[in-house]
Amino acid sequence: MKKSKIEQIIHQDIILKQALSDPRVTRRDFLAFTGAMGMTATMGGALWSNRALAATPKRGGHMVSGLNDANTGDSLDCGLFNATYMICISRAFRDSLVNVGQDNSMEPALAESWEASPDAKVWRFNIRQGVEFHNGKSLTTDDVVASINKHRGEDSTSYAKGVFSGISDVRVDGNTVVVELADGNADAPALFTDYHFNIMPSKDGVAESLSSAGTGPYLLKEYNPGVKTVLERNPNTWHPDGGALADSHEVLAILDDTARQSALISGSVDVINRPALKGIARLKNVKGVNIVDVASNLAFTHPMRMDVTPFDNMDFRTALKLSTPRQEFIDKVLFGYGAIGNDQPLGPGFGSYDADLNVEYDLDKAKHHLKKSGHEGVTIDLSASNTSYGGAMDAAQLFQQHWAKIGVNTNIIQEPQDGYWNNVWNVKPFCTCYWGARPVEDMILSIAYLSSSPWNDTVIKNDRVDELVVAARGELDAAKRKAMYQEVQHIISKEGGTIIPAFGTDVAATRDTVGVGDQIGGGWEMDGGHYLKRWWKA
Amino acid sequence: MNRILLMILQRFGLGLLTLFVVSIIIFVGVEFLPGDIAEALLGQGASPENVAALRHELGLDRPAHIRYIDWWAGVLQGDLGTSLANRRDIAELITFRLSNTLFLALTAAAISVPLAILFGILAALYRNSAYDRSVNVITLGAVSAPEFLTAYVLILYFSVKLGWFPSLSNIDQDTSFIDKLHQVALPAITLMGVILAYMMRMVRASIINLLASAYIEMAHLKGMPKFRVIVKHALPNAWAPIANIIAISLAYLVVGVVVVEVVFIYPGLGQLMVDSVSNRDIPVVQACSMIFAGTYILLNLTADIVSICTNPRLLHPK
Chain Z
42 MKKSKIEQII
52 HQDIILKQAL
62 SDPRVTRRDF
72 LAFTGAMGMT
82 ATMGGALWSN
92 RALAATPKRG
102 GHMVSGLNDA
112 NTGDSLDCGL
122 FNATYMICIS
132 RAFRDSLVNV
142 GQDNSMEPAL
152 AESWEASPDA
162 KVWRFNIRQG
172 VEFHNGKSLT
182 TDDVVASINK
192 HRGEDSTSYA
202 KGVFSGISDV
212 RVDGNTVVVE
222 LADGNADAPA
232 LFTDYHFNIM
242 PSKDGVAESL
252 SSAGTGPYLL
262 KEYNPGVKTV
272 LERNPNTWHP
282 DGGALADSHE
292 VLAILDDTAR
302 QSALISGSVD
312 VINRPALKGI
322 ARLKNVKGVN
332 IVDVASNLAF
342 THPMRMDVTP
352 FDNMDFRTAL
362 KLSTPRQEFI
372 DKVLFGYGAI
382 GNDQPLGPGF
392 GSYDADLNVE
402 YDLDKAKHHL
412 KKSGHEGVTI
422 DLSASNTSYG
432 GAMDAAQLFQ
442 QHWAKIGVNT
452 NIIQEPQDGY
462 WNNVWNVKPF
472 CTCYWGARPV
482 EDMILSIAYL
492 SSSPWNDTVI
502 KNDRVDELVV
512 AARGELDAAK
522 RKAMYQEVQH
532 IISKEGGTII
542 PAFGTDVAAT
552 RDTVGVGDQI
562 GGGWEMDGGH
572 YLKRWWKA
Chain E
600 MNRILLMILQ
610 RFGLGLLTLF
620 VVSIIIFVGV
630 EFLPGDIAEA
640 LLGQGASPEN
650 VAALRHELGL
660 DRPAHIRYID
670 WWAGVLQGDL
680 GTSLANRRDI
690 AELITFRLSN
700 TLFLALTAAA
710 ISVPLAILFG
720 ILAALYRNSA
730 YDRSVNVITL
740 GAVSAPEFLT
750 AYVLILYFSV
760 KLGWFPSLSN
770 IDQDTSFIDK
780 LHQVALPAIT
790 LMGVILAYMM
800 RMVRASIINL
810 LASAYIEMAH
820 LKGMPKFRVI
830 VKHALPNAWA
840 PIANIIAISL
850 AYLVVGVVVV
860 EVVFIYPGLG
870 QLMVDSVSNR
880 DIPVVQACSM
890 IFAGTYILLN
900 LTADIVSICT
910 NPRLLHPK
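Chains as they are written, first to last, in our numbering: chain Z, 42 to 579; chain E, 600 to 917.
Simulated from the structure, these hints should not be mistaken for lab results. In this text the structure is predicted, and so the values were computed from the model without any measurement. Errors might be hidden in some of the hints.
[What the hints assert, rightly or not] Below, simulated PhoX-like cross-link-like pairs (lysine-lysine); rule was C-alpha separation at most 25 Å, straight line:
| # | chain 1 | residue 1 | chain 2 | residue 2 |
| --- | --- | --- | --- | --- |
| 1 | E | K779 | Z | K319 |
| 2 | Z | K325 | E | K760 |
| 3 | Z | K412 | Z | K373 |
| 4 | E | K760 | Z | K262 |
| 5 | Z | K373 | Z | K262 |
| 6 | E | K831 | Z | K328 |
[Stated by the list, open to error] Examples of chain E residues lying across from chain Z (beta carbon under 10 Å, computed):
| # | residue |
| --- | --- |
| 7 | A637 |
| 8 | G677 |
| 9 | D678 |
| 10 | Y751 |
| 11 | H915 |
Every residue gets a Cβ at the ideal spot worked out from N, C-alpha and C, and that includes glycine.
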């Protein structure tokens, strides 16, 4: 197939998908639309009916999935989670206090309800009663407190320590767990949707992180890290409707892209995550295979350390930003699966996202800024590795060509996968990187864009951003918060040290044997990590 | 006979010494790699306090030689320790994977070794014939193609198109023997492609080498049929090099099949070793490398014993 043909297919597909996901489109509009695109009525009709058929959830059956992002060193310790496989497993056999629903709203889970003090500093979570862990132990408020404290304090080894650092005190009041924050935070419930935060049984105030006993709708029957996991329905669940659709699951770790894809095509598995985008135009044409994609706030970032020359010069940074080909990045590196980015980390999935903020591609302006910076003809090093995101090496070459047009020479250094996050990222002056989606704006901003942030990979020190982020955190008036976050977006886009050409799309592929709801939750791939409970065997 | 026993004991002792040296090299090697398990596990999210806390929890803040001695103390008591990455018992982690690795290796060997010997003998017998040429071209072609290519082609035809064999080796403790054979068919055939050519050509070469000897000529002159000459007279003297190449191929089957494991999602030791190295999970790396080194040592020892038993002259070195 010629390249132009593939591009055409991708383009057509994206338009179709937009039409399908637009709630305003009726069946009649849709058929008229596909007719206009030169597709026959039956083709269009088939697309539509597949969608409608799949939308009737069904209980029962056994689902087999193949996920990558697993490791033989994986552990049940949720404080150490950083990959999709364990996140999905843990979300199936454990529960959180709060869940992100498929419509991205906050849904009660083990917390039946919650209320905040007017200054959003004190939050009271009412814990569900009569819930039992899989080992028969009853859920108590002590378990909840221990599960929170696992991520706090000096001895904590949790990856989410930063997320929970704003909590100053946790205490029990009857059936309620009271959480006190150092500063007000209107989004506090969202902290408890974090995938590191699962409720575990506790003993003497310490959470048993390695215990296979959770409260979730599935029992962990077999767990072999980096190989496979077997889940079976928990007959004694607190969920009124069972909390899950399929009766049992087998989740295989399949790291190899081709192996995952052939397992899906041959029917050995019902669903896979992250099909290789390079071959997706062909995979889509395989009979019985469907592509499931959902826009994500995952950002492809290229942090420049703003304390290193020439990146300390704002004109120089602007020149690079203006000469970065964004649409081409999406077409060639992401194969169409992405949304244009504007050099700030808050993606289109956030309510506060300012769609009018664009960074144009303008070589004349870029040259003007480069001249002003005094760095014409400079050579910069870009450390890149496909570990940072798939296609990062291709992206580096693409940027190299475009930056050369304004007179910036780029020396691409291919860094080893091993130790990338220790020896390259946050160390080298300019590198390729990604930031996974976070459920609320504050999480990503406080972790990487405040002058005090632990992982400030661009060394940004902007008083106004610092002030706005803290103020927005405690602001309960939604309109005011939105305005604050938009101002932050504008400042970082203009002055910040990162180039974000695009936001990602989470892509999965299923066979016809799997049903997926109309809406797919964000926050993380695979329906926010909840797909084992939410998708069904048709 | 006593000499053989003595030699075996001697070799065994040397093997143990080699294992000891390997353990030091591996330990020092992993220590020299940049970063440690605390940093590797925490990845992009590693903050100095997290790393320090995790190091303390795992006992990594102790000096390296103390950790090494501790490890030996455990091993001598039969305790391989627990994985630093997921705190699981290493013996338990390894038993399942080792048995899978051995099962795959033995299946592949059970197909390849007899075939290699048979093809090799026939190739020597019909030297420079169309058969000889084609079997050489085919097996050399198979060994030249990278394993993953062979594997993908097999998957494409036998599992995606024909559906005869699964593309995934979904094996666990409860899988029955017949089922297991069905599951490892494609990986075993892939491995056969890799090792068949070496063994076959070694059998062919050693036999052809011998066919020039005077005693073979004598056998021909006696009027013995060609095939009998080869099997009765040439082969027994060719066992030494053949045993060596078989031992090396078997060792490869145990140690070097990580690519095949990855493509077929076969839960063997290779993937565990690779993941453990990148995680800097020293106890698991040590345990795996001891097994791998032990495999090499044992197989080489076996090959030497076979050589000596089939050629008693070797017992009396000058």
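Each hint tested on the structure:
Our distance criterion of 25 Å between C-alpha atoms is broken by K779(E) and K319(Z), whose separation comes to about 33 Å. Straight-line distance between C-alpha atoms of K325(Z) and K760(E) comes to about 17 Å, which keeps the hinted pair within the 25 Å bound. Under the criterion of a C-alpha separation no larger than 25 Å, the hint pairing K412(Z) with K373(Z) is inconsistent with the structure, at around 30 Å. Distance check on the hinted pair: K760(E) and K262(Z) sit about 33 Å apart at the alpha-carbon level, beyond 25 Å; violated.
The hinted pair formed by K373(Z) and K262(Z) fails the criterion: a straight-line CA distance of about 43 Å is larger than 25 Å. As the CA atoms of K831(E) and K328(Z) are separated by approximately 58 Å, the hinted pair breaks the 25 Å bound. Interface restraint check for A637(E): the shortest CB-CB distance to chain Z comes to about 8 Å, inside 10 Å, so the restraint holds. The interface hint given for G677(E) is violated, since its Cβ lies 23 Å from the closest Cβ of chain Z, which is over the 10 Å cut-off.
Violation of the interface hint for D678(E) is found here, the shortest Cβ-Cβ separation to chain Z being roughly 19 Å, above the 10 Å cut-off. Because the closest C-beta pair between Y751(E) and chain Z is about 6 Å apart, less than 10 Å, the hint holds. Taking 10 Å as the C-beta cut-off, the interface hint given for H915(E) is violated, the closest approach to chain Z being about 49 Å.
In this structure, the hints that do not hold are numbers 1, 3, 4, 5, 6, 8, 9, 11, in rising order.
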